[in-house]
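Participant: Listed below, chain by chain, are the residues.
There are 4 protein chains.
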Amino acid sequence: MPLSPEQQAEIDALRAEPMPTLRATVPGIEAHLYKAVPLLDHGFVRVIDYMGDDSAICQAARVSYGKGTKSVQNDEGLIRYLMRHWHSTPFEMCELKLHVKLPVFVARQWIRHRTANVNEYSARYSILDREFYIPEPDALAAQSAINNQGRGEALQGEEAARVLEWLKTDAMRSYDHYAEMISQDGQQGLARELARMNLPANIYTQWYWKVDLHNLFHFLRLRADSHAQYEIRVYADEICKLVADWVPFAYKAFEDYRLGAVTMSAQMVDCLRRMLAGEEVTEENCEMSKREFREFKAMLG
Amino acid sequence: MPLSPEQQAEIDALRAEPMPTLRATVPGIEAHLYKAVPLLDHGFVRVIDYMGDDSAICQAARVSYGKGTKSVQNDEGLIRYLMRHWHSTPFEMCELKLHVKLPVFVARQWIRHRTANVNEYSARYSILDREFYIPEPDALAAQSAINNQGRGEALQGEEAARVLEWLKTDAMRSYDHYAEMISQDGQQGLARELARMNLPANIYTQWYWKVDLHNLFHFLRLRADSHAQYEIRVYADEICKLVADWVPFAYKAFEDYRLGAVTMSAQMVDCLRRMLAGEEVTEENCEMSKREFREFKAMLG
Amino acid sequence: MPLSPEQQAEIDALRAEPMPTLRATVPGIEAHLYKAVPLLDHGFVRVIDYMGDDSAICQAARVSYGKGTKSVQNDEGLIRYLMRHWHSTPFEMCELKLHVKLPVFVARQWIRHRTANVNEYSARYSILDREFYIPEPDALAAQSAINNQGRGEALQGEEAARVLEWLKTDAMRSYDHYAEMISQDGQQGLARELARMNLPANIYTQWYWKVDLHNLFHFLRLRADSHAQYEIRVYADEICKLVADWVPFAYKAFEDYRLGAVTMSAQMVDCLRRMLAGEEVTEENCEMSKREFREFKAMLG
Amino acid sequence: MPLSPEQQAEIDALRAEPMPTLRATVPGIEAHLYKAVPLLDHGFVRVIDYMGDDSAICQAARVSYGKGTKSVQNDEGLIRYLMRHWHSTPFEMCELKLHVKLPVFVARQWIRHRTANVNEYSARYSILDREFYIPEPDALAAQSAINNQGRGEALQGEEAARVLEWLKTDAMRSYDHYAEMISQDGQQGLARELARMNLPANIYTQWYWKVDLHNLFHFLRLRADSHAQYEIRVYADEICKLVADWVPFAYKAFEDYRLGAVTMSAQMVDCLRRMLAGEEVTEENCEMSKREFREFKAMLG
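Residue numbers (my numbering), protein chains in the order written: chain A, 55 to 355; chain B, 55 to 355; chain C, 55 to 355; chain D, 55 to 355.
Keep in mind that a hint or two might mislead.
Identical copies carry no separate label here, and so any pair may be met within one copy or between two of them.
[As the list claims (entries may be wrong)] Distance condition first, Cα-Cα at most 25 Å in a straight line; then the derived SDA-like pairs of lysine to any residue: (1) LYS351 / ASP310; (2) LYS344 / SER198; (3) LYS351 / LEU330; (4) LYS222 / GLU185.
Hints were generated in silico from the structure; no laboratory data involved.
No experiment lies behind these values; they were computed from the predicted model shown.
Take the sequences, apply the hints, and build the full model.
Facilitator: Put into structure tokens, the structure is as follows:
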């Protein structure tokens with residue numbers, strides 16, 4: 055359970071006082087506000103704030119004085135049109151702010167998405183908690199035999215046990231030394247900004263992360279994808295659910311035109327047309343590399 | 055008066071239905087929501103939405119579970135510290151969305167601030183209104199005699215009258231031709247995306263503009279400055295007031311450490327120390343250019 | 055002809071002095087350096103500088119000490135892999151700097167691509183030239199009957215003549231008044247920053263524009279597209295040719311996986327699978343909107 | 055010594071073949087190209103490529119057809135003017151590409167500067183080397199007694215020895231286990247993307263980092279500052295030297311108007327004027343906080 059009683063009390067206090075507002079308001083996401091959704095062994099994601107709703111996307115697209123379009127159906131149709139034709143700026147008019155607790159090696163992938171605002175807990179200034187990500191047995195995967203950047207089956211038996219033991223004991227020992235190094239009890243105490251260097255990448259950090267909906271969708275397309283590392287995908291998958299409760303039309307359009315869509319190269323389109331005309335297309339006559347042809351076949355199920 | 059009765063009715067409708075929310079809420083800015091503040095002859099600025107408050111800046115700086123700091127005084131102290139020491143990321147945690155109506159030549163300056171989200175009214179798709187910026191007599195300024203990029207006194211007498219007459223009649227004639235060119239009454243009708251090219255840069259456009267507080271302060275520092283062109287400065291000055299009602303601690307810190315602050319070069323600091331030590335510093339012994347020395351003297355009042 | 059003899063002499067001078075460098079160098083783009091390629095009636099695009107080559111993309115992808123991969127074939131294969139799998143950061147390691155002269159209404163579309171560096175000729179500081187875009191007869195298109203944001207046939211006969219006459223005379227009159235307003239001959243002279251507001255959007259401006267290859271490809275995908283306005287498309291098409299001479303492998307991959315590619319929605323992929331299984335898919339049983347089904351049929355040729 | 059013979063041979067090969075180019079070329083930075091400048095115990099910075107020179111800043115500011123201004127003196131004057139008046143876009147017209155090897159905890163600070171292009175060595179795909187940052191004795195600093203985010207004196211005696219021993223042995227043990235976990239010798243072998251989580255933050259990583267001169271100056275102002283952590287400052291200080299050899303006028307202006315400059319708040323300017331008028335300004339009558347007054351006194355030397 056990732057929250058202390060004090061933290062839970064602070065969250066409860068924030069949820070206790072609804073205020074009247076004239077802003078676009080979405081009950082579906084209000085229900086999530088401030089609550090921590092647990093992820094991995096010590097992580098979470100919390101919605102801290104949001105700006106805009108489905109209607110706000112239409113309102114900006116039309117630069118209107120009032121709400122988006124005349125009707126909810128029109129809003130949905132316009133949003134789907136905008137998504138399909140890559141009109142991205144109206145989606146930038148919605149904004150989401152999250153509080154995320156996550157292992158450092160996940161944070162290092164996440165931060166590559168540059169078009170977002172970030173405030174991370176400072177290990178120069180503060181002391182990190184003794185919390186490390188230790189994978190569940192079925193997430194303790196072997197290196198993929200066919201893909202340098204992928205995972206295979208879960209480790210088995212003694213090997214799995216040995217790996218888990220190392221991950222745990224190395225983390226604990228590193229933290230013990232971290233704590234002893236910064237201690238000022240009878241000694242000078244190493245600077246925090248130096249002592250943190252002894253901590254492994256599975257220690258948890260946390261940050262406030264704020265992003266507009268267009269850039270969030272870009273993040274989700276890459277990170278809620280089967281090629282993304284499992285440990286970041288659990289965060290992306292959870293955020294997908296939150297977004298679906300916040301801007302349901304935009305999220306559905308995202309599912310249809312991005313998440314569930316495929317992009318076919320010029321060569322693939324050419325092959326497809328030949329196939330629909332009755333021709334048999336093979337690896338030999340397709341003018342694609344072996345790998346591309348395999349990807350093409352996979353697209354066609 | 056820039057709003058039609060239909061537009062005003064849409065705004066009134068948006069202001070008529072407060073909703074409960076758990077988000078950070080600021081009565082001072084709620085009072086402005088959706089209302090159009092008139093600027094120049096046909097322009098306006100309207101607050102459409104906001105995210106965050108002074109406390110949200112502290113909450114992000116501390117990556118906290120509840121509100122910012124324990125007390126309002128602590129919030130103000132922390133905000134001033136962050137501003138003074140250029141810790142900009144916590145200010146990025148607040149976001150403002152505006153609807154702005156402004157002349158095209160002002161829009162062209164404004165858009166250079168790239169770190170913002172924009173949806174502009176499309177003259178490819180829609181028909182522009184017959185509204186042009188015609189300066190008030192005291193804003194009809196002569197070219198500065200000393201600064202290539204500045205203004206001098208207001209034009210006088212016949213010259214002023216002649217200029218105003220040209221601005222008005224050229225605008226009207228251009229718009230007449232624009233309207234006749236796109237008309238499909240008894241003719242094909244020129245494409246809107248082409249016809250717009252006949253319209254001068256004082257025609258009004260409008261956009262939704264969304265920006266975080268850090269980048270908004272950067273915009274305001276440059277555009278609420280005496281060197282900025284008057285016609286953009288009136289927008290910046292008005293936005294300053296809105297921001298002061300939204301995040302009063304942050305705005306006060308911005309006034310003290312940015313708007314009202316001066317930056318002194320290494321040479322200026324050196325001269326200053328010499329002056330405080332009783333030495334007389336002159337243009338000859340200051341090791342600055344003539345122009346810099348003039349700027350230095352101005353800083354010292 | 056867009057260049058004065060003095061401008062041509064400056065360009066010739068820049069091309070007269072090759073210097074030795076150890077940087078990645080591409081003869082194909084060196085041949086274009088500084089030369090103005092004429093576009094529209096008074097516009098041009100000039101390559102001012104470039105950084106990197108195809109090999110530099112691989113070098114960055116591999117974070118290598120020497121060149122990219124061991125062989126040219128490997129470079130091409132890696133580049134195609136990176137493009138296909140949306141690994142965009144290695145393409146950001148190449149940079150192009152252009153000098154572009156273009157009508158203001160084109161510049162206003164162009165500037166929406168925010169991830170680029172821009173220095174525009176200042177009409178606050180300097181005086182604009184008397185140069186306006188007047189379309190060729192076959193570019194004088196009517197509004198599309200089926201697409202609010204598109205063009206139809208060219209205007210014919212008297213209507214075409216009338217439009218051209220207005221565009222020309224309105225431009226000339228506006229410029230005459232501009233020139234007279236800023237004149238300081240026997241009068242105060244209106245400030246340049248104000249006088250420019252009388253000039254229509256077909257006047258030419260110019261800027262230095264610098265962008266990395268990833269963001270340039272994004273610009274080209276949207277602007278070298280049949281849905282882009284013709285007047286910006288001629289610039290994008292020309293830049294495509296320059297890029298093909300600069301980074302031929304990357305450009306070919308861009309053609310295959312972006313320009314010539316199609317993105318199919320989840321529904322389209324589903325229909326496609328049904329079609330390949332022999333089922334007849336119609337507008338009635340496809341679970342797409344009318345418009346989407348039309349787009350789908352177009353993809354399949 | 056951070057380079058293997060193979061790496062050195064690759065660098066030598068890149069330096070062996072000068073090519074003719076028509077681009078702006080700077081001998082001062084050509085001399086550095088590809089060479090690794092050692093930093094900390096295993097790190098380095100290498101210049102991989104550059105675009106532009108001092109003259110290119112002026113060329114863009116003036117949107118000129120040829121070089122920048124007529125003379126070298128004019129170039130310097132214009133550059134100093136642009137820097138002093140915060141005209142930042144011309145500086146964006148120069149670009150620098152570096153290859154940097156640095157400890158992960160330094161990389162985590164560095165990456166917060168978002169307006170840059172980055173390709174980092176992938177520990178999902180590749181195996182990290184056994185190289186860790188172990189501070190020199192005089193860099194093994196105690197926590198500051200007065201500043202939560204700072205360092206005090208170097209640790210002494212047994213405490214220093216104990217800390218060094220822990221840093222070394224924890225790093226070695228973590229790496230041993232990392233190597234054993236990914237080994238496929240008689241076992242499945244843990245996925246690389248998981249095994250890396252056992253490695254502490256003082257392990258070295260490397261990346262290609264490309265940035266424009268304006269954003270580089272912003273980075274240097276914050277990181278070549280006495281408040282920056284020592285381990286990132288050594289990189290910033292070294293990059294300062296490289297930039298001085300590349301764009302000497304711009305670098306001098308940066309030193310005078312940014313690095314060596316001070317920003318005084320409205321209150322400080324007020325106090326200064328009172329002091330220059332002969333008044334004695336004290337902590338009691340200055341209307342600043344204790345801390346600000348201390349900062350003010352420090353500015354005045």
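Participant: Checked against the structure, which of the hints given earlier come out wrong?
Facilitator: none
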